[in-house]
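Whole structure, please, built from the sequences with the hints as guidance.
Residue numbers (our numbering), protein chains in the order written: chain A, 1 to 155; chain E, 1 to 288; chain L, 1 to 762.
Everything labelled a hint here was simulated from the structure, so no lab data went into it. Quick reminder that beta carbons are idealized off the backbone N, C-alpha and C, glycines included. It is possible that some hints are incorrect.
[Said to hold, decoys possible] Rough simulated footprint, nothing fancy, chain L against chain A, three-plus residues with beta-carbon under 8 Å: (1) 31-37; (2) 43-57; (3) 72-86; (4) 104-117; (5) 128-134; (6) 139-152.
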Amino acid sequence: MKQVFTLNVNGETYEVLAEPTEPLVKVIRFRVGLTGTKEGCGTGDCGACTILLDGKPVTSCLMLVAQAQGKQITTIEGVAQNGQLHPLQQAFIDHGAVQCGFCTPGMILSAKALLDETPHPREQEVREAIAGNLCRCTGYVKIVSAILAAADNLP
Amino acid sequence: MRCNFYQLTSLQETLGLLAEYGSRAKLIAGGTDILVGIKEETTEVPECLISIGHISDLDGLKYQEGTGLTIGALTKVGELETSAQVREVYPALACAAKTIGSRQVRNLATAVGNVCNASPAADLVPVLLVLEASVKAVGQQGERTIKLEEFFLGPSQTALSPEELVTEISVPPPPNGARTAYMKHSVRRAMDIALVGVAVLARLDSKKQAVEDYRLALGAVAPTPIRARAVEEIILGKPPEENTILKVAQAASELAQPISDIRSSAEYRKEIVKVLVKRASKQALEEV
Amino acid sequence: MDLKVVGKSLTRLDTPDKAVGNTIYIDDMVLPHMLHGMILRSPLPHAKIINIDTSQAKKLAGVKAVVTGADIPDGRHGPFIKDQSALAKGKVRHIGEPVAALAATTRELAEEAVEMIKVDYQELPAVLDPVKALEPDALLVHEDYENYPVVFPGAIRKGNLVSQTIFKEGDLELGLKESDLVLEDSFSTQSAHPTYIEPCGAIASFDAQGRVTVWTNSQAPHLTQIRIFEALLIPMASIRVTGLKLGGGFGGKVEPHVQLVAVALAKVSNKPVKIIQSREEELADTRPRHPAQINITTGVKKDGTLWARKTKLIYDCGAYADDGPGICGFGAMMSRGPYLIPHVHIVGSLVYTNKVGFGAYRGFGNPQTTFAFESHLDMIADKLGIDPVELRLKNTVANGDIQLGGETMASVGIEECIKKVSTSAKWKRANGSSNRGMGIACLQHISGVLSSSAVVKIMEDGSACVQTGVAELGAGQETVLSQIAAEELGLPLEDIRIIMADTDATPYNWGTQGSRATYCAGNAIKAAAADAKAHLFKIAATQLEANPEDLVARDRRVFVKGSPEKGISFRELGILSHWVTGGPAVGSSTFMVEARHTDPKRVLGFPFGAVTAFIFAAQVVEVEVDRDTGQVKLLQAHAAHDVGKAINPLNVEGQIQGGFVQGAGYALAEQLTFDNGKIINANLMDYKIPAATDVPNIVTVIVEEPEPTGPFGAKGVGEPGLVATAPALANAVYDAIGVRIKDLPITSEKILNALKDKQVYV
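So this is what it looks like as structure tokens:
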């Protein structure tokens, strides 16, 4: 039976009516209406649905909406602040790290979680941090260089 | 997914529900295994799904010198990977944790879930086996401690009764001077399931001439992860020489009873057991 | 020429929206009253449909439409051969074939209801081996095949042989006789899946006039429109297919996926219907690359001169022809490689089996044959004791040489690619002395085939609008094509806006596929821009009292060549145009690679009228092989690609790097595994595409051998990235440990087995 869930997404509170077993990714996309979070496989293998849960990257397709209550959710829509792109977003654009764009939101959130913890990662740490975000377009080269460049440009 | 869903904050209530539904209920903490199983139709939708993720009593990763590590039922795999104490005292456990899925999955999946799911390929289990860990099973009738070695009955089958849940894993401190290693073979370097997983705990005597302690566990090569006790004897009391290690590796390979599946043939898995047992043993012994 | 926009690594136009999550992909769209469709697929590889009982499903509240093969017209569709219906009629030919479909108010309900449809089948023996399928008494996958319409003249087909293409040059027997060394080898390649991260999807909606609009992630909306007509017999003028940005395609989204069923359900329910495929449906039921068996015989002179080549290719077609005839024919054509061999006989055959219909995936038949001949070439080099780089350089084609099929090649950069990639990688052979080794492989491909049209409007304010049927797959088509228009018009990139991939709003384009967008659509856009510009020049000539031929457009102005001060701005011309010609200056153009006459003694059964604008590349990889486990580690990768002219160099690099990594996955790990016609690893844990930790940095070298017929000299770059990667890796593994793997993928298990068989080396 559907219930009302209170979710905190990007600092705002949303009340949604949903089955408690609905995957979080579907709730974020279709009940909250933030479609920047993508669904590529539904089984936690591709990472397109990555969001930050209390600052940590998780695959939102492997969470039920009920499990997300009381947690702080960050989606791609919450990464830019006050109309200013996050340095990662700017670096992805500048370095040609975005091609089809479908993995990009999840990729940026994984990268953000990395830089939040490790502001100056080595290349290998970057690759490990995004190993759960499959990209089929770029060969990862420009994504890795964008993340390293963003790290250099962090305030 | 059509089922009764409960998300409780009390252990007692959860045990009550478990007593009511028994095997018709499934527990989820992180939920990563069960939700994938349901999606891919390898796991049946249970009549009742109980989320224990909000029972704060079950949380927590605690280490005490002397008694060792306690891994609460809500401890994420990712916490084992990053905890400074785990990395220092149980480096192989941190290493095995790091090989599971993606960072995103490790931030959801729990260590207890990885154990209770009873996958033959569960990465944490071989390490926990050589560390001689045990689990605390709690039901309405009370609680009991089950040695991990006796916990697994088959793929997805454990010694838990349908009314019980695991509240924590206890990992005793490794013997003084012992070193551990975990090695995993998979196609991808990350984001992959073990074709073979090997954990070794080893310790030399005070003169560093003979192997005084040697424990070996294998993953993905039998219906459950196994402690390879019969093989361990080969090297106990002997000098840590290449030849003896090779004998151990050979014996482990013979002991392994892997299956052929889409991921690998049985023959290849046996071959990899040999290689990884050799390498993991050397790492554990040479670092002493 | 002093170029202002072309040749610059300008920021892509589409990426700022993508980086913040604002881009709308098909699954992000929701229409009022929209239903969710679900497809019931065949569980059997080959069976007669005896009965379909939909009554239970229809009874379920919320189910609004159910369709089966009996409910749709008897239309059959296909790009080369009309052999497929939108839903199975009478029999199923592969596991996963759509049998019935329904639409319900929620996706969950649709999932539940679709399981209530009961189908009675009478199972038939399955045809699974393409070689056995060619035997005279083999069961037929399509009994009535020879009566199906085929679009190209001279098709060779019979029984389960879908098509055959033959190329002959010189005298093979003589060539082999004159050779000092004759080597024969057999290779095989697996099926791999494009695995775009965005699943296929569509929303279809009818209006009261009977017009249907289909929003979808199609690489080829104009082809989707045709297939909807063919399969469902809806008049084409009543079909609008409007493409969204794609989350990758790589060939897999060219021919229709869920659009036909979505339209059928929308028609019955009279509501918008959305279908989004699951990842399992993607991997198990949607158009992977053809597995192939390749037998090669090569004759070579002692000094390394390639003298004769015989190739027999068998492509497993699966149950429906799809792009198969084109793929088989093109693969056959590429089988000589970028080398001049005087005596050649190539036979490519495409054979029906009861497997999923294989289709276009990056490379279009070329990766299979290139893996074979580039591996084979290294085996020859080994036998002759010649360095593989040297052997290749000795035999490469050059400007003015004739391609198989008769086309004269005008921009051949292969020699430069080989030289530059060897330098970049510091080419050296290990020859099995360590666990490390280097390998090289080359490739040729095309970028010109069939037709693209374009319209360019210069608006009243002097900005310009481009209309093209090309879709933005993610490869940067929007930006690259805008750069071409901007350069031609003398406008900065920000003055150009492009409308793409809409059958009503943009002119015809034969799909964003075959590495053809930059070359074919680029040519059409450049000519359409020139056409629009000519209108402005006419007006400007009057204003400036000059001849239109003496005018140039630069920096938003038109002026007399050599006298930039004597000019008039686009803005002023735009306003004038409004009063002089009655609106914006509109230019249009169609670019077509015209069919050529071919000599029937040399070319038989080639499905294309002509292909052109050949592209070339060479890749070098270094690997380290673990001799105990057989595991291959990629240490470094270098790729030199001749693209004619890089319109946007940063973008070109991205194409090469992305292609290389797909090639590495194809080479080492990716394999759809079949069990009695069923794909049993249909998830992204068991179908293993490379992750960031599996691949190294990829060093790219852009070679620019200008193509005289290309826009600003440009050719394509989309597919080649992966075509030579597998053989380069196979050759590197051989160099490292002395074992030759001839069937893809090169798994660690195969390497270990080969090492064991070999026992002693060095």
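Structure-based check of all given hints:
1. 31-37: holds (count 4)
2. 43-57: With 4 residues close enough to chain L, the hint holds.
3. 72-86: holds (count 6)
4. 104-117: Since 3 is at least three, the answer is holds.
5. 128-134: holds (count 6)
6. 139-152: holds (count 6)
When the structure is compared with the earlier hints, no violation turns up for any of them.
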